[in-house]
Each structure stands twice: as C-alpha cells, then as structure tokens.
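Chain residues, written in single-letter form:
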Amino acid sequence: VNIKAFFVDALASALDLGVARPDDVLRHVTPDVLAQHLPRPLWARVISACLNAPRVDAKLLVDTIGIANLAEHIPSTIIWACIAEVGARSLGKQPAVAVAKQPDVPVAAAPQPANRPAPQPLRVAPQPLGRSTPQPLTPPPPEVLTAVPRATPVPIPAGAPAIPAPLAAIAGELETAVPAQAPSRSRTPTGQRNASIGGVGRIGATARRPQAAATPAPTRRARSATDTTETETASEIAVDDSQLVDWSAAETISTGDDDFSDLGRKR
Amino acid sequence: MSQDQRQAWFARVVESGLQNQIFNPSDVLAHATPDVLASHLPPELLSKVLQASLAAGSMTPERVLETVTPDVLARHVPHDVLWACIAAAAHRAGVVAR
Numbered sequence: 039v040n041i042k043a044f045f046v047d048a049l050a051s052a053l054d055l056g057v058a059r060p061d062d063v064l065r066h067v068t069p070d071v072l073a074q075h076l077p078r079p080l081w082a083r084v085i086s087a088c089l090n091a092p093r094v095d096a097k098l099l100v101d102t103i104g105i106a107n108l109a110e111h112i113p114s115t116i117i118w119a120c121i122a123e124v125g126a127r128s129l130g131k132q133p134a135v136a137v138a139k140q141p142d143v144p145v146a147a148a149p150q151p152a153n154r155p156a157p158q159p160l161r162v163a164p165q166p167l168g169r170s171t172p173q174p175l176t177p178p179p180p181e182v183l184t185a186v187p188r189a190t191p192v193p194i195p196a197g198a199p200a201i202p203a204p205l206a207a208i209a210g211e212l213e214t215a216v217p218a219q220a221p222s223r224s225r226t227p228t229g230q231r232n233a234s235i236g237g238v239g240r241i242g243a244t245a246r247r248p249q250a251a252a253t254p255a256p257t258r259r260a261r262s263a264t265d266t267t268e269t270e271t272a273s274e275i276a277v278d279d280s281q282l283v284d285w286s287a288a289e290t291i292s293t294g295d296d297d298f299s300d301l302g303r304k305r
Numbered sequence: 046m047s048q049d050q051r052q053a054w055f056a057r058v059v060e061s062g063l064q065n066q067i068f069n070p071s072d073v074l075a076h077a078t079p080d081v082l083a084s085h086l087p088p089e090l091l092s093k094v095l096q097a098s099l100a101a102g103s104m105t106p107e108r109v110l111e112t113v114t115p116d117v118l119a120r121h122v123p124h125d126v127l128w129a130c131i132a133a134a135a136h137r138a139g140v141v142a143r
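If you're matching them up, the sequences are chains A and B in order. The first sequence lines up with residues 39 to 305 when you count with our numbering. The second sequence lines up with residues 46 to 143 when you count with our numbering.
Mixed in with the good hints, there may be bad ones.
[Stated by the list, open to error] If we take Cβ atoms under 7 angstroms as the criterion, some of the chain B residues that face chain A in the derived model are:
#1 58
#2 66
#3 67
#4 70
#5 72
#6 128
#7 129
#8 135
Hint data in this document are derived by calculation from the structure and do not stem from the laboratory. Since we're looking at a predicted model, the values are computed, not measured. Even for Gly, the Cβ is constructed at its ideal location relative to N, Cα and C.
All chains should be modelled from the sequences, with the hints used to inform the complete structure.
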C-alpha cells in the first residue's frame, strides 16, 4: 500500500483539473502544520520563494513545496482530510471530514482561531533626534542668598549664670578648638542651589545655632540611705504637728544604732 | 468545477488507488456491484465485458476492470459510488481522523 503516492495523485490531479484549489490545501495544511512537519531545507525554499515573489498566496506555497513533499511530510490524516473535502464537494455534499486535528501539535503551536485579530505592530511616534519635548522647568533659586542675615553665636558674657563644671569644660574646649570657623564659612553657589532644591540642605546651610545651655541631668548613683532620707524630706507631705518627732530628743534616746541597711527592703 | 474535471479527477483517483494498492479491483466491485454496472454501463460496454470474460474463460474483478477502466467508471458510474470506495479504502488505511 503506497498511500502517499495515492495522495500525490489525488491531490495533484485535483489541482491540475481545477477540482481543488491551493486554498483548499492550505486550509488543512496550515502554516502551523507546515512549521511542525516540514523539514528546514524545504522551509528555506519556501522563505526564499516568498521573498522573491511579488505576491505570496496559497498557490505559491503549494507550488513551491510540491504535492509530493506535502504528502511525504505532512500527516496522512491531514492530507486525507483535504482530499475528502474535495471529494465531498465534488459530489455536492458537505465535507464529512472536517479539518483534521493534528495529533501531536503542541499547545504553543496550535492554530490560531480565524477570528482573532492579527497582532498590530507597535507604533511609536517618531521623535526628531536631539530634540526633546520641552518640559516645564522649576524656577531657579535666587542667586543671592548671602544677604540673608545669619545668626552668629553670641559670646557668653562674664556675668552669665554659671555652667556646671562638666558642660563648662566641654563648651570651653569647643570654643577654643573652632573659635569662629563655622560662622565665617561662606556658601558656594553650588551649595546654595542644592540647598534650595532639596530642602534638606537648607537645614544644614543655616547657621548652626549655639547650643542652649542644658541643665545637667542628674547622674544616677546607687541609692544610699542618705539619699532616701533627703528625698523623703524634700517632698512636701502634709503632716500634722502631732506626727512630728522631736529629733533632738530622739537622738538622745537613740542607742546609737544607726543601722538603716534594711530600710530599702522595708520600703 | 465542470463535470469533465470532476470526472477526470475521480478517474485519476481510482486509477491511483488501484496502482498504489489502496484498494483492489474486488473493492471496486464491492461498491460498483453488478447491479450498479448493469444499471449504468452502456450496452456496448456490457457486451465487451462479457466477451472478454468468455475469451479468458472466467470473469474476475481484475478482468472486469481491464475493460471497465477507471476512466469508464468515472464516466458512467455515479461518483458517490466511487467515492464510497475511495473513502472506505482510506478508512482501512487508517488515515481518517477520528
């Protein structure tokens, strides 16, 4: 049984006699089917023929590939479906065999539905080279910012309240190390512009204000019995006179046992 | 599609089917039965078939088709009969998509 030769005869004679048209062939042997089954050298021939032809149509493809090659490489079910359609049509019947489903076509290469619109190429509006669309620019910063008065550190007068010893020592060191460097530094133009754009630089660009003298935080020490006593006496608690204790008398009564070590535990 | 074209195509398909052994003469006569042949072949062809069989001493499907060639079949036998023969052969060959 030489089914392929039979297919060649049937299809070639159908095309020769006008019983079938190349469109009938391509309706079954779709480009996806060709891509799946046609050898690459034949594809090269097809592409060359299409490139050189003024018009690419089904006839060009069928003539270029050849019925023999179609019958040789395309699955027999597809070729037969094409012949069956031609035969049914020649008998004036509806084709009993629809377009044969390709058995082993991967999903990605499945034929596209006919009603799907062809993908439109992306169109990008041409833009002249070297010319860009004018964009609104932010106004430049004012040129002269040096006129803005800056606060300069005021020297501490001699009669100012005394600073606690540790802070006074630190302040003295700072003043002797950089006496007038910070206030006298002038901005560069770039620095001004950056400061005006970012907003962050504005903070740093302003003259650094002298640090206010902070009250020294009480240093934590280990509590002792004396501290506890001072804290208790310092707090203002309403006490009746009857509750007051004459300490002078108490001291005399006291046996001299001043052991307050368990006071914290009692509290 | 003219009748001549259709007829020529059926003749070619039947001839190719026989040449490529897609079907054999007995398959053709299974569809183109004696009744069909007797009903559609002209008298001179019926006579000729009979004469050939008498000369050979037997009437076989092969001998019938030596006289009733594919061209003759396509010219006189209804094409749907021929197509049924072709389609049945295709089914047997397993080329019909299910």
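Legend entry - Structure-inconsistent hints, enumerated in ascending order: Of the numbered hints given earlier, those the structure breaks are 4, 5 and 7, listed in rising order.
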